[in-house]
Every structure is written in structure tokens, then in C-alpha cells.
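For this one, chain F is given, so just place chain S on it according to the hints.
2 protein chains.
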Amino acid sequence: MRNTLKYVKDNSGRYVEELKDYLRIPSISTTKSHTKDVANCAKFVASKLKNAGMKKVEIIKTKGHPLVYAEWMGAENKPTVLVYGHYDVQPVDPLKLWKTPPFEPVIKSGKIWARGANDNKGQNFVHIKAVEALLKNDKKLPVNVKFLIEGEEEIGSPNLSQFLKTNRNKLKCDAVLISDTSLFAPNVPTINYGLRGLCYMEVELIGPNRDLHSGSFGGSVANPINELAKLIAKLQDKNGKVTIPNFYKNVVPLTKKERDNFKKLEFSDEKFAKELKVNQLQGEKGFSTLERLWARPTLDCNGIYGGFTEEGAKTVLPSKATAKMSMRLVPNQNPQTIAKEFTKYVKSIAPKSVKINVKALHGGLPCMVPLESDAIKAAARATTRAFGKETVFTREGGSIPIVVEFMNQLNAPAVLMGLGLDTDNIHSPNEHFSLASFQKGILSSIYFMEEFSK
Amino acid sequence: MRNTLKYVKDNSGRYVEELKDYLRIPSISTTKSHTKDVANCAKFVASKLKNAGMKKVEIIKTKGHPLVYAEWMGAENKPTVLVYGHYDVQPVDPLKLWKTPPFEPVIKSGKIWARGANDNKGQNFVHIKAVEALLKNDKKLPVNVKFLIEGEEEIGSPNLSQFLKTNRNKLKCDAVLISDTSLFAPNVPTINYGLRGLCYMEVELIGPNRDLHSGSFGGSVANPINELAKLIAKLQDKNGKVTIPNFYKNVVPLTKKERDNFKKLEFSDEKFAKELKVNQLQGEKGFSTLERLWARPTLDCNGIYGGFTEEGAKTVLPSKATAKMSMRLVPNQNPQTIAKEFTKYVKSIAPKSVKINVKALHGGLPCMVPLESDAIKAAARATTRAFGKETVFTREGGSIPIVVEFMNQLNAPAVLMGLGLDTDNIHSPNEHFSLASFQKGILSSIYFMEEFSK
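Protein chains in written order, with the working numbering: chain F, 761 to 1214; chain S, 761 to 1214.
Okay, chain F solo, but in the shape it has when bound (with noise of 0.2 angstroms):
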């Protein structure tokens, strides 16, 4: 071990040149003019692999962009980890915003700019270099490995879910590394257990088979717009709980423990109410805000229209209106159950005066992985080696869809190792990642194969 963190650190300088190397490829998915571009970056990162010493690097073609494989099995009796990760990249537009080239990478500040530099090259070739420094120094990994990077994340994954549940055998393993996420705060290593999950409705109510005129109508008839507000209202009640029956019924409940864990995390109310400039923060009663974001359910109308909605005034009394409202799930809710619970009683507390039309429009499982498990333990253990700090447990308000896929198809826990920060502009022009965390991230991911062989 002490060799392979001295190779480390003496190849840190070629790590940085090759990671250039593998950010000067615009291999941005969603253009077509890119697609040879993506093609490149998937030799790139099978050639990375293939000199690191991983064995049966494969490019698999799919219906769109190649997916790339590679494994090392020789840990007989040891569990297997399968790194996910995308080479994939965000386009760049717009481009006069970019303070330095978008695929002309540089050095700092002590941060290296260009578009992948976090989401999520970096981050992955965190991995490639752990694998290297392992097989060049012990010739062998503490665990088996597996990698599966895509190239069609920002598009959102079309190929990847089929391709998981033909090829659960070829991936099966005993946890998903995955990197692709955030550090709770600047250097503060950072474990994710937990994601929620959604129930997308659409509710319709239709009043008059016209629109009225409001004078010659106005007071006669129900105005769907006036009761879809009585409906939203009677959503919620006055603590902040969901009012549909059996809405909570399969919430897992926040561990002291886990209360615990975030209540030591540094943040701060009033900080967060100052940044979305809301004089008052709002939610669930009886929760702390990480706990509402992370472990609790929520109900929140994400579009609304009906009537006249152009600038002045219209004097008309609309035929219907029409919400968009969305549920965040928490484990163990099901979005085809919550979706008849929400269908159901919104039915059941519409006026007759109106009809009514609830569509489920999409949904997604949330996720979590016990605190106790030896994946996440593992985890906690090597990134708090690494950071020379204690690991932080965060769950995340936020659906990520593939990650649940994974769980399900291949019925391992993921392990959601972020390196990355909330201030690093993925997405967006002058993109950067912290080469402190990119070192520290390959050593996390050594620690951690080492941890996990336990």
C-alpha cells in the first residue's frame, strides 16, 4: 500500500496530463456533429483502462452512443465493485460566457477548467488512476472490479437501462461506485445513502363546457380554477403533512441516528433562507430542514394555468384549469401506489360541479442504502482516511433514476462517493474541478477497494 500511494502521488503530475488529455474531447452527446467526438472518448478511456491493467476492455456498441467495459476478477473470495461513471459531456453554449476555452483545459487556483472537468470525467478517471496505481505497484486489487462508463448520461442513459437488465450476470457485483455527485461542503468527504423519488400528477378540472363571460355567469356556476385552488389547498394541512390518506404509510422513519448525523452537519437556516431571499423558511413540522429536503415526503405544484393569463385584466370565467403537482417520495413509498392515493382522493374531494381528470405522468422509486451496510461503511472508512477528516452521511432531495436502476437490476447498493462541489458550475460555462479532490478521490477509491476486501 505504501507503494501504490507513493506512485500516486509521484504520478500526480501525468494523472492532471492525462486528464486534459481525456477533457480536450468535446464529446458532447446531445449534438450530432459530435458523434465521432464521442466515439474517440470512448477509445480514450478503453485505452486508460487497458493501461491501467484492466482486463476485457470491451466497447459495446448500442443504439446510440458506446458504452465501455472493463473488469479484473483475480480477488478469488473477495466482493466485486462495479464504477459507474460517463465520459459524456453538457454542450457548451454559451460559449462568450466561458472564461477559457471550454475544451482547452488549465490549471488554477488550485482547479482545473473545462467542460467534464467535474461531471463527470474527473470524477471518473478518479477510479481509472485508483485501479492503476493498484495494479502497477501490488499487481493485483483488494476486490474485483468492474467499470461500465457511458456515453449518453446527458441525455439521459436511452441505452442503459435495457442494456443492465440483459447483462445482469456480466454486471453482477456487490456494490456500485458511482461518483458522480457533490461534497457536502469543501473538502468534507461525503457519503450519499439516500435519493428520493417522484410522483409526477397532472390534475384537470373542467367547469363550463365554454369559456363565460364572468358578469353574465359569475356566481352560478363552479369556476374550476377557484376550486383547483380549494383542491391544492386541501393537499397539505397546517403542520406542512400531506393530506392523502396512506401517504405516509410506508415512510421509513428518520433513525436517531440519522437525525443525528445531520443535525452535526454545518448549516445554517438563515444562510439558506438568505440565498433564495425568502424572509421565512416553510415545511413539515417537527423536521429540521436537511431532514425535510433528505427524508421526507413532499407535495409541491410545479405548474398551474388556466383562464386569462396575459398581461391586464379578462373578465372570464374559464372552462378548466389545470395543475402540474409532483410528490418527492421517500423510502419505502411506491410511485404507482401513491399515484392511485393521490388519483383517489382527489377524485373523492372534487365538487360534483366539476369534472375532473388526474393523469400520472411519471413517477420514480426512491432509494436508500442502511447506514449499517458494508458498502456505505467501507465508504465512510476510506474517505474519511483520505480527507483526514470524518466522513459526512447526506441523503439527497433529488431523484437520480439511474442509480435506482442499478440497485434494482443488478440488486446491489450503490455507493454515492461525490468529489465534486455545488459551486463548480457542471452544466454551465467555466466548469472546474478541485485537484485536491481529484487526489483525494483516487485515494478514496483505493481506500476503499481496500476497505471493502474486508
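Incorrect hints may appear among the rest.
Any copy will do: because identical chains look the same in the list, a pair fits if it lies in one copy or spans two.
With a straight-line Cα cutoff of 27 angstroms, these simulated DSS-like cross-link-like pairs (lysine-lysine) come out [to be verified]:
1. K1119 x K1100
2. K994 x K1112
3. K859 x K816
4. K1074 x K1100
5. K1045 x K1115
6. K1115 x K859
7. K1024 x K792
8. K1037 x K1119
9. K1017 x K823
10. K1074 x K1104
11. K1080 x K1037
12. K998 x K1104
13. K1119 x K1074
14. K803 x K792
15. K1080 x K932
16. K1031 x K1080
17. K780 x K930
18. K1104 x K994
19. K1080 x K994
I should point out that these hints are in silico values taken from the structure, not numbers from a laboratory.
Just chain S now, kept in the frame of chain F:
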């Protein structure tokens, strides 16, 4: 009187021919290319008033289309009636839906078909022909009569209000007679004695300073759409009463006589609901549909928007949401006072977690002429005589700002002696007007002058 009535009968053919001439002039006030036609129409009206025997016939220039004024002031010690109407018409598109050309009037099924037949040429010509019949036979009128026929009603009477203000003396009268509304039902003589007013507001709620990801932020900050829904829901109670403090303070209650009058009208809730394709009507508890429409104030959302309003799903927690809400007012509610009470109340119920902006967009006074007023009683006797049937008394849910303007500027009651039918296709292709209504309208006008002179 007998001679006058015989004259009307004997000349009915010529009257209709003259109305056809009137209808042949394409006096579309909103279309620039018709400016000359509008001017010619003013000349036509002036010549008909002169032929009828009216004095001081004037074409009065305005910044837009001219007004036609005339008077006959020979009835000493008798009241003065001001007849208001408009000679301009709506555009005719879509032209292809007209069964006969809009400016080539034809008689078919006892109706005259042309743009303006009902609105308002047919209805104002009634009064010109009534005066002609009286003056040709009696050489005098039972009351003093003034005419003010404008050419800009269909574009919102932009110059009339100022003219009323600066010509109060010239227009001084004891009643303003207007035929520009409808009979309650075919062949049912109808006097409308009240209009609702309006107070139109816009409410904007602002949450976070930018649109947020509903996963990363959902549950921690107020969602302006959800909050707007709650706010709207609070504006009415479960009985359909508006909850704004002092809202009903100045409402003139329906009298027993009014409620009895409305009950006598042939009106079916079932038919009304069926026509609007709603399963159930809805309104303020304790009032019938006609009472709700005509004599009770309302609060209707006319428009609402916020967040993502296109097809599909977007997981946004929006920065703001806006609703347009208007209240139909009844005597003696005042739009300014109501706007203030509304603003105060919505600001008091909005949570601290959102900012609120409230704007009063526009307003209009309600109006009502007491059923016991001489003008209304005379008009009712007149229409009863003309139609040979008991006159019904209605109010109107909408607002006709110019009527209120007349009442306020001239301090005289308005008599809304509507002769059209709601099915006459005003503002639409195939506008028409019943020849029976035209005839009975002339008699109603003659009888009104006689009755009002008593």
C-alpha cells in the same frame, strides 16, 4: 294617439325599408378603412332624425367617430328623455359563415338579417321612428326628447365619457332610455333595472428568488403556487360567501318584491346546467340562480399561472405564481373600497414565507334604478301595453360601464328597454332582429313617452 298608431301600422313597410338602408352602411368603427362609412352612417342618422321632425340636429366631431345629437324641447313642464344608442357595428369576420352578405339585409322567417340588425341599429331606429310617428300626427311629443347616437360603442366609447362630462347641461334629462340589451325570453316585455359592477385584481406571490429544482429544494421553502391556492381557497367559505371583511357591508339586500319577481320568471336550473354541460350548479347558499347572477356579488378567478405550463412534466419549484381575480359588485359596493379591503385581507392571510404584490387592474360601479322610480314604472306600463303582456323586471350580471357613466354624469335613471334576444347572434355571423320586436319596440317607445309624461 289613435292616428299615431295607425301611422306606425301604415308605414311599417317603409320603416323596414329605411332600416335596411341603415343596415346597408358598413359602419365598422374599429376598421380604419371604414372611417368614411362610419361618417356616412352618422349623416344617415342625422337625416332620419331631421325627417322625423327633431330639432337642432347636429353631427358632433370627436377625436374619433362623430356623435349625432338632436332634440325636441317643446313639451313645457314635462320631463325630458335622453335616448342613447350607437350607429357603429362590429366587424363581420368570419365572412364565410354568413348565410347572406352582412351588409345586404334580407327578411326571412320574420326577422331581418344583417350586421347591426339587433346591435344596435335596429334597436335605436325604433325610437327615431316612434318620434316620427308622434310628430307627424300630433305635431308634438308628450315629453321633451334628446337623442345621442354615438359611433364608437363597439370600440369602448373612448370619447363619450369626456363628452358627457363637458355637456352635462346640454344632455340634462330625467331618464336615459337605452335599447341595447335583451328581452328575458321571446315576446316577454322586459325592463332591466340593475347592473353589476366590477373590481378586478391581480395577486402575485413570490417565493424563492429563482425557479428551483423541486428535488433539491422541495419541502424546505414555500411553494408560491401551493400558497396562492391556499390563499384563493380562503377567499370563500363553504357556503360560497366571500370572506373578505366588510365585503357585504354595503350590499343592498334583495327585496321581497324583487325575489318574487325573479321567481315568476321562467327559468330552469336544470336546463341552464344542461346547456353549460355541468352536472351541478354552484353558488352562494340561500339564493336562487337568478339572484346569484343579478343581485349578489361574486369572486371569480379569471386566470392563474405559475411554473411549468407546457405539455409534460418539469420538476420545478417556481419562483412565483399569479392570479387574476375579479369580483362582480352589486349596489352599493364601491370598487375602490372593495379593492382596498381585498388588498388588506389577502396581505393579512399570505404567509411570511412569500412576498405578495396586489394590483387593482380596473373597476366599475354597479348600478340600480329603484323599481318604484317613475321612469321604471312608466317603462313597464309602456312595454306591457305594446306587447300585451305583463312586463318582467330583470337585472344583469355583467357591467355596462357607459350606463353607469350616464347615470352618474347626468344624475338620471337609466331605463334599459332591451328588445333583442340572446340568440340574435350579435357580434357573430348571421346577426338578426325580430320584425315583431321592431314593431313592438316602436310602440313601446311611443307609450313610454306618453306614460312618462303623466
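These are the hints, each one checked on the structure:
1. Proximity of K1119 and K1100 under a CA criterion of 27 angstroms is satisfied intra-copy only: 10 angstroms inside one chain copy versus 40 angstroms between copies.
2. In the homo-oligomer, the alpha carbons of K994 and K1112 lie at most 27 angstroms apart both inside one protomer (16 angstroms) and across protomers (20 angstroms), since each shortest distance falls under that limit.
3. Within a single copy, K859 and K816 get their C-alpha atoms no closer than 40 angstroms, and across copies no closer than 79 angstroms, so neither meets the 27 angstroms cut-off.
4. Proximity of K1074 and K1100 under a CA criterion of 27 angstroms is satisfied inter-copy only: 21 angstroms between copies versus 37 angstroms inside one chain copy.
5. Taking CA atoms no more than 27 angstroms apart as the test, K1045 paired with K1115 passes between copies only; the shortest distance there is 21 angstroms, against 33 angstroms inside one copy.
6. With identical chains, the CA atoms of K1115 and K859 are never at most 27 angstroms apart, being 55 angstroms at best within one copy and 36 angstroms at best between copies.
7. Proximity of K1024 to K792 under the C-alpha cut-off of 27 angstroms is found in neither arrangement, the shortest distances being 47 angstroms within a copy and 73 angstroms between copies.
8. With identical chains, the CA atoms of K1037 and K1119 are at most 27 angstroms apart between copies only, with a shortest distance of 22 angstroms across copies and 34 angstroms within one.
9. For the identical chains of this complex, K1017 and K823 are neighbours neither inside a copy (45 angstroms) nor across copies (78 angstroms), given an alpha-carbon limit of 27 angstroms.
10. For a Cα distance limit of 27 angstroms, the shortest separation of K1074 from K1104 across copies, 23 angstroms, qualifies, whereas the shortest one inside one copy, 34 angstroms, does not.
11. In this assembly of identical chains, K1080 and K1037 lie within 27 angstroms of each other by CA distance solely across copies; the values are 13 angstroms between and 33 angstroms within a copy.
12. For the identical chains of this complex, K998 and K1104 are neighbours both inside a copy (22 angstroms) and across copies (22 angstroms), given an alpha-carbon limit of 27 angstroms.
13. For the homomeric pair K1119 and K1074, the shortest alpha-carbon distance between copies (15 angstroms) is at most 27 angstroms, but the shortest distance inside one copy (29 angstroms) is not.
14. In the homo-oligomer, the alpha carbons of K803 and K792 lie at most 27 angstroms apart inside one protomer (18 angstroms), although the nearest pairing across protomers, at 69 angstroms, exceeds that limit.
15. When the C-alpha separation of K1080 and K932 is checked against a cutoff of 27 angstroms, the pair qualifies neither within a copy, at 51 angstroms, nor between copies, at 47 angstroms.
16. In the homo-oligomer, the alpha carbons of K1031 and K1080 lie at most 27 angstroms apart only across protomers (21 angstroms), although the nearest pairing inside one protomer, at 41 angstroms, exceeds that limit.
17. Taking the shortest Cα distances, K780 and K930 never come within 27 angstroms of each other, neither inside one copy (31 angstroms) nor across copies (88 angstroms).
18. In this assembly of identical chains, the alpha carbons of K1104 and K994 lie at most 27 angstroms apart whether taken from the same copy (14 angstroms) or from different copies (24 angstroms).
19. In this assembly of identical chains, K1080 and K994 lie within 27 angstroms of each other by CA distance both inside one copy and across copies; the values are 19 angstroms within and 20 angstroms between.
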